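These protein sequences, in sequence, are chains V and W.
Under this note's numbering, the first sequence has 155 at position 155, and the numbering climbs by one with no breaks.
Under this note's numbering, the second sequence has 33 at position 33, and the numbering climbs by one with no breaks.
Since the hints were derived computationally from the structure, they do not count as laboratory data.
Treat the hints with care, since some could be wrong.
Subject to a maximum C-alpha distance of 27 Å in a straight line, what follows is the list of computed DSS-like cross-link-like pairs (lysine-lysine) [unchecked claim]: (1) V/Lys10 x W/Lys65; (2) W/Lys65 x V/Lys217; (3) V/Lys225 x W/Lys201; (4) V/Lys217 x W/Lys244; (5) W/Lys204 x V/Lys225; (6) V/Lys165 x W/Lys309; (7) W/Lys244 x V/Lys265; (8) W/Lys244 x V/Lys10; (9) W/Lys295 x V/Lys10; (10) V/Lys270 x W/Lys244; (11) W/Lys209 x V/Lys217; (12) W/Lys65 x V/Lys238; (13) W/Lys201 x V/Lys217; (14) W/Lys204 x V/Lys217; (15) V/Lys237 x W/Lys65; (16) W/Lys295 x V/Lys165; (17) V/Lys237 x W/Lys71; (18) W/Lys65 x V/Lys240; (19) W/Lys71 x V/Lys225; (20) W/Lys295 x W/Lys309; (21) W/Lys295 x V/Lys50.
All values reported here derive from a predicted model rather than from experimental measurement.
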Amino acid sequence: MINFQIRPDKLAEEMADYSRKLGHGIENLIDAGEIDTGVTARTAVYKEDKLVLYRYDHPEGVEASNEAPLLIVYALVNRPYMTDIQEDRSTIRGLLDSGQDVYLIDWGYPDSSDYALTMDDYINGYIDRCVDHICEEHGLDSINILGICQGGTFSLCYSSMHPDKVRNLVTMVTPVDFQTPDNLLSSWVQHIDIDLLVDTIGNIPGELLNWTFLSLKPFSLTGQKYVNMVDVLDDPKKVKNFLRMEKWIFDSPDQAGETFRQFIKDFYQKNALMAGEVEIGDNVVNLANISCPVLNIYAQQDHLVPPDASKPLGGLVGSDDYTELAFPGGHIGIYVSGRAQKEVTPAIGDWLNKR
Amino acid sequence: MTKNAFWNDDWMSTQRQYWEQWNNMQQQALGVKQPPANPWEQSMEHWWSAVQGSMPAAKQDFFSKMMDQGKNYFQMAEQAMQAANGQENVSDAWSKMLSGLTESFHQTPGNNPFKQSTAFWEMPMDNWNRTASALSPVPGDTLRGMPHGDVKEHLERILGTPGLGYTRESQTQYQSLMQAVMDYQEAMAEYSLFFSSMGEKSAKLLQQKIGDSPVESARQLYDTWVGCCEELYAEDVTTEDYTKLHGRLVNSLMVLKSRYGEILNESLSTMNIPTRDDLRTIQIRMQEQRRENKKLGSEVAALRREVMKMQAESKAAASKPATKKAVKTVKKATKKKASLRKKKAPAVKRSTN
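Next comes chain V alone, as it looks inside the complex (with noise of 0.2 Å):
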């Protein structure tokens, strides 16, 4: 028996508050003006080719009292600025509020100029050479490395091939086993012909990585969403929150070719990091080298890093000590829920300064 109450004027109300939501709405998109993303005050220190290595200021009455500065690795997959996408929704700034010394390396845009850059020259040259850079600026022989989903992973093989350079390293929604069953992104690319489709397209554009990641879930990511936000189109700080959201996950650079064909064979396909089998440059990568402390930070309801992914690192890195922090939350909300604010960042904090 069907239980279908739905009478025609509640329809009719239904209808007409939803057609009052997007008329009201509409003002306020439209006075959204710009929608800027990244808040925290910072300087570059020092460039190569695109990349940006940024050193962040501290608040006003904040002193870095970490002596070891923290270098944040993201993915080449999407921009940065998530890690500081609004004021009340920074990491970086909770990673400054607790004493470090945050420093960011900015990929950039590549375009078919950095199509022949290699796994090797993104860990050995460019994160090896920032490395470098930090490490003179503040006269110590190494320093710590917060490691974000792929960064994560590029983190784990430079801390492998260059141990004496890591104080700690701490990684977040990080894979390192690659073909758990409920990885979808692993199982669907095992039937792609990746040497044809980089040798045939080059860089990889980001719309192809954003149909990858919407069609995790298409319907409530291109559909759902959108009614969801009719809901709050009458609060302008809502609206603007949203569009930068918005603005976050279609803003995706493209992948230098070389590099992706290397990451989706060996990792995805291979499944090599968890063998001891990737090889960069002149060097293979094993786990059991990682000697320094490691916190290792995975998110419960992750769909693009599902926990099993990440959490076989305990077993594999030489560290004597090694945490695991599990947030209740996505791969996206650990970043910039409210309870990642009060729960990730200030763990990630405390850890370093016990350390």
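Using the hints provided, position chain W relative to the given structure of chain V.
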């Protein structure tokens, strides 16, 4: 919010009346007697076409999505209401509506009364078409309506015929391109079929779910529908069948694009214009050279540091009481290496390689 709001209740009411009268006049002029199929949707369309010109282009797409989803949102409830019209038993009407929805996945979209709901299952395909358009020289859905089935088999036979004579190579290239077109078209058809069969299952699941609890609003119905679609989608896209289909879709588009590329390269070569392959070779060679330069730069920097360290050690040793001869030797060495001393780093350092 400004005083000159785009929307208020008076304005809305006036607009509605205006458009109703305008529609009536149009229908009379055209000899159409039936009322519009969906007055709400129509009035929203009119409103949107009136205001969208004043909205920045960048935000139009975003707002369109809310409009489109609004249509999806109310369409199902309206269909249920229409099905209920004239029937005493609302449950029967509701069942009729769901059966209609299920059947609609077997029909061609043209005259389908449940078009909006089935179109919901077109979303993944639509997303792909947008992506394919960005990656290929033809719009993503161009090949979708091309003939297939028996025609395809016939074409395959023709395309399998070896080329002859002076233009043999060129014939082969075009045959290969046509074959790639057909393979991509077939993959797209399979992909589309996959989603329409999933759509059919989702209608059945919706029937089950709403049997458990009363449906009191269009929003509740829409959210339940989305939930059903996501649930089934999440199950089906993890299967080996789907992952293979996904691979075939992407691979066949790439084969097609690479065939285009081969023909284009050939044309460019005949005009002595550099091709993409030429450029690729240059990119790789250039990157190899830059990598080598950077490595050498690092080695030089390391050597400089080493030298400076040695100089500092020598200086320290010299400052200790020592024989005249030893001091003289160190001084001489320091003078020689002075030119290698590192300059003070600028505020923003830029790698020059």
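Run the structure past the numbered hints and jot down the numbers of the failing ones, going up.
8, 9
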